[in-house]
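Going line by line, the protein sequences match chains A, B, C and D. Residue 0 is where the first sequence starts when you use numbering that gives the first Met the number 0, and the numbers rise one by one after that. Residue 0 is where the second sequence starts when you use numbering that gives the first Met the number 0, and the numbers rise one by one after that. Residue 0 is where the third sequence starts when you use numbering that gives the first Met the number 0, and the numbers rise one by one after that. Residue 0 is where the fourth sequence starts when you use numbering that gives the first Met the number 0, and the numbers rise one by one after that.
Careful: at least some of the hints might be erroneous.
As the list claims (entries may be wrong) - Lysine to any residue pairs mimicking SDA-like chemistry, simulated, CA-CA at most 20 Å apart:
1) K73/B / K68/D
2) K72/A / K68/C
3) K117/C / K119/D
As the list claims (entries may be wrong) - Away from chain A, derived, C-beta distances all over 12 Å, residues of chain D:
4) T21
5) K25
6) D37
7) K53
8) E71
9) G124
10) S133
11) H155
In short, the hints are calculated from the structure, not lab data. Predicted model only: the values in this text are computed from it and were never measured. C-beta atoms are modelled at their ideal positions from N, C-alpha and C, and glycine is treated no differently.
Protein chains: 4
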Amino acid sequence: MKNHATYECTVNSLKERGVVLTDLAKIVYDMQLKYSPDLTIDECYEHINRVLDKREVQHAILTGINLDKLAEKKLLDEPLQSIIERDEPLYGSDETLALSIVNCYGSIGFTNFGWLDKEKVGIIGQFDSKKDGSVHTFLDDILCAICAAACSRLAHKRVDTEE
Amino acid sequence: MKNHATYECTVNSLKERGVVLTDLAKIVYDMQLKYSPDLTIDECYEHINRVLDKREVQHAILTGINLDKLAEKKLLDEPLQSIIERDEPLYGSDETLALSIVNCYGSIGFTNFGWLDKEKVGIIGQFDSKKDGSVHTFLDDILCAICAAACSRLAHKRVDTEE
Amino acid sequence: MKNHATYECTVNSLKERGVVLTDLAKIVYDMQLKYSPDLTIDECYEHINRVLDKREVQHAILTGINLDKLAEKKLLDEPLQSIIERDEPLYGSDETLALSIVNCYGSIGFTNFGWLDKEKVGIIGQFDSKKDGSVHTFLDDILCAICAAACSRLAHKRVDTEE
Amino acid sequence: MKNHATYECTVNSLKERGVVLTDLAKIVYDMQLKYSPDLTIDECYEHINRVLDKREVQHAILTGINLDKLAEKKLLDEPLQSIIERDEPLYGSDETLALSIVNCYGSIGFTNFGWLDKEKVGIIGQFDSKKDGSVHTFLDDILCAICAAACSRLAHKRVDTEE
Numbered sequence: 000m001k002n003h004a005t006y007e008c009t010v011n012s013l014k015e016r017g018v019v020l021t022d023l024a025k026i027v028y029d030m031q032l033k034y035s036p037d038l039t040i041d042e043c044y045e046h047i048n049r050v051l052d053k054r055e056v057q058h059a060i061l062t063g064i065n066l067d068k069l070a071e072k073k074l075l076d077e078p079l080q081s082i083i084e085r086d087e088p089l090y091g092s093d094e095t096l097a098l099s100i101v102n103c104y105g106s107i108g109f110t111n112f113g114w115l116d117k118e119k120v121g122i123i124g125q126f127d128s129k130k131d132g133s134v135h136t137f138l139d140d141i142l143c144a145i146c147a148a149a150c151s152r153l154a155h156k157r158v159d160t161e162e
Numbered sequence: 000m001k002n003h004a005t006y007e008c009t010v011n012s013l014k015e016r017g018v019v020l021t022d023l024a025k026i027v028y029d030m031q032l033k034y035s036p037d038l039t040i041d042e043c044y045e046h047i048n049r050v051l052d053k054r055e056v057q058h059a060i061l062t063g064i065n066l067d068k069l070a071e072k073k074l075l076d077e078p079l080q081s082i083i084e085r086d087e088p089l090y091g092s093d094e095t096l097a098l099s100i101v102n103c104y105g106s107i108g109f110t111n112f113g114w115l116d117k118e119k120v121g122i123i124g125q126f127d128s129k130k131d132g133s134v135h136t137f138l139d140d141i142l143c144a145i146c147a148a149a150c151s152r153l154a155h156k157r158v159d160t161e162e
Numbered sequence: 000m001k002n003h004a005t006y007e008c009t010v011n012s013l014k015e016r017g018v019v020l021t022d023l024a025k026i027v028y029d030m031q032l033k034y035s036p037d038l039t040i041d042e043c044y045e046h047i048n049r050v051l052d053k054r055e056v057q058h059a060i061l062t063g064i065n066l067d068k069l070a071e072k073k074l075l076d077e078p079l080q081s082i083i084e085r086d087e088p089l090y091g092s093d094e095t096l097a098l099s100i101v102n103c104y105g106s107i108g109f110t111n112f113g114w115l116d117k118e119k120v121g122i123i124g125q126f127d128s129k130k131d132g133s134v135h136t137f138l139d140d141i142l143c144a145i146c147a148a149a150c151s152r153l154a155h156k157r158v159d160t161e162e
Numbered sequence: 000m001k002n003h004a005t006y007e008c009t010v011n012s013l014k015e016r017g018v019v020l021t022d023l024a025k026i027v028y029d030m031q032l033k034y035s036p037d038l039t040i041d042e043c044y045e046h047i048n049r050v051l052d053k054r055e056v057q058h059a060i061l062t063g064i065n066l067d068k069l070a071e072k073k074l075l076d077e078p079l080q081s082i083i084e085r086d087e088p089l090y091g092s093d094e095t096l097a098l099s100i101v102n103c104y105g106s107i108g109f110t111n112f113g114w115l116d117k118e119k120v121g122i123i124g125q126f127d128s129k130k131d132g133s134v135h136t137f138l139d140d141i142l143c144a145i146c147a148a149a150c151s152r153l154a155h156k157r158v159d160t161e162e
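This is chain A alone, in the form it adopts within the complex (with noise of 0.2 Å):
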């Protein structure tokens, strides 16, 4: 682990906002398998685990878990507090920095991003609906992004090691 205390931050943040990440892992499995059948849960935990080992991509992920959690105790101006706090659709920001964490694994990464935002698959869509006053307005598209991040480095380095 390269930044050990930031690493930690941000595995926590995502624990503490009911990220389980396995769950993760299982969606990268679930995309991934038909291009590498003898794929494991346990290489696509392996590879979240690199993407959250990256400076860029924990950044990102501090920045927007503390946008929700600071639309959720209501202390945002308005009107960025009910835009965030309704995860009004025009409203690009949450794309934005999600897309920062893409890009580090190169452009393959944003037809998975895209994908995934649009369809939520497995835990994704729990985050998505907002209901009881919880806001996951940036965490819906930063676990798009983890995940995306996550199979454009398993597809990179499958590729790596063949040659």
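For this one, chain A is given, so just place chains B, C and D on it according to the hints.
Frame of chain A; chains B, C and D shown alone:
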């Protein structure tokens, strides 16, 4: 039309490669109908046209189509010739170029771009498969981007009118 | 003005943080005068205003300024609080958010954005230094982005008129 | 070296176009010396090399150099041929492709990319001017991107080691 000559060239390049603009309008219509029940194909067609009237969009389209055509003529240097000819999954410059089209209409378009690029709905699916020596490595991503950009433009304009 | 209420909020947020729009217009004027010898500050001011009238731009500005203000009030969780307070050079999310402003006006804006972000000319320089407890980690990048976007908009419009 | 064959092709393509890698290392050295007073040209050269070992980077370089060479041979369709030949300031796809290199190393690289692209320091300046029929529309942006990426990589690695 702002850049009339380049607009004409862009539309002609798309036609020459087998792209029918009303087919793209149909994809936009299918994606946006649930948000705008009074939507018409004509309105979608107009948004496609306005996207194609933007200089950044025209340049990305012309560059991508030229690369596809040069790959068909085997005029690229190796290893790029083989990479583009085979539509190598880890080649990312096609997504990169396509995203510069989406970017012009805000971050909300990334989701639709990625979803379209994975699902290859409608006419887009035809250009993904390479048979009989034709190369559409850039074109299929570009078509996803044009549709995603038109969806974003439509969504933004609709809200502007309501306000 | 398309989104009048949000436009007003955005301009007021900038003013509240000490930003004078004519100072931004002056930066655009100084950067573009060599390409357009008949340019006026008024024309630059108009381009700044049209950039600020775009929803994507407004959202990025409001998000960035909110984060700066929350950091001043020490309301962010650690380690994000310290990272933003100190304007940590490896942070990145400030540049990411700012780039979503530049992106709306095409890729030619990246060069001006980067140059302004390094040179910190005019009013931008004032916001880079943090003294007396104020935090402008996001604002200085946002101002670079607004100016770079206005330069791109101006360059595109000038060529459109000539054609 | 991960992708040895493509790495070799990329380095050879750069050499063939007149790029000396130690000249790029010198630019990185000049930009980063103030932050790392014990920096050596050798360390910078190693970072340049590691950037060139990344698949996404190799693909962007090969694509850009191919387009420059095809423009020299007048093999592009109009109006793209004239746009690239003249290095038309509103083109954009050259910056787009170059930014996909910078993106791999996080958002902090945008500033250095933009600054280099405007200042055209060292060897980069040579490739900006087009004389005697040679075209370097993509190459000059690519060189800025390689140097900016190496600066980011160096900055991140230095902090990782300290921590």
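Status of each hint after checking the structure:
no.: 1; hint: K73/B / K68/D; verdict: holds, 14 Å
no.: 2; hint: K72/A / K68/C; verdict: holds, 15 Å
no.: 3; hint: K117/C / K119/D; verdict: holds, 14 Å
no.: 4; hint: T21; verdict: holds, 27 Å
no.: 5; hint: K25; verdict: holds, 27 Å
no.: 6; hint: D37; verdict: holds, 21 Å
no.: 7; hint: K53; verdict: violated, 8 Å
no.: 8; hint: E71; verdict: holds, 27 Å
no.: 9; hint: G124; verdict: holds, 28 Å
no.: 10; hint: S133; verdict: holds, 29 Å
no.: 11; hint: H155; verdict: violated, 6 Å
Hint check: violations occur at hints 7 and 11; the rest are consistent with the structure.
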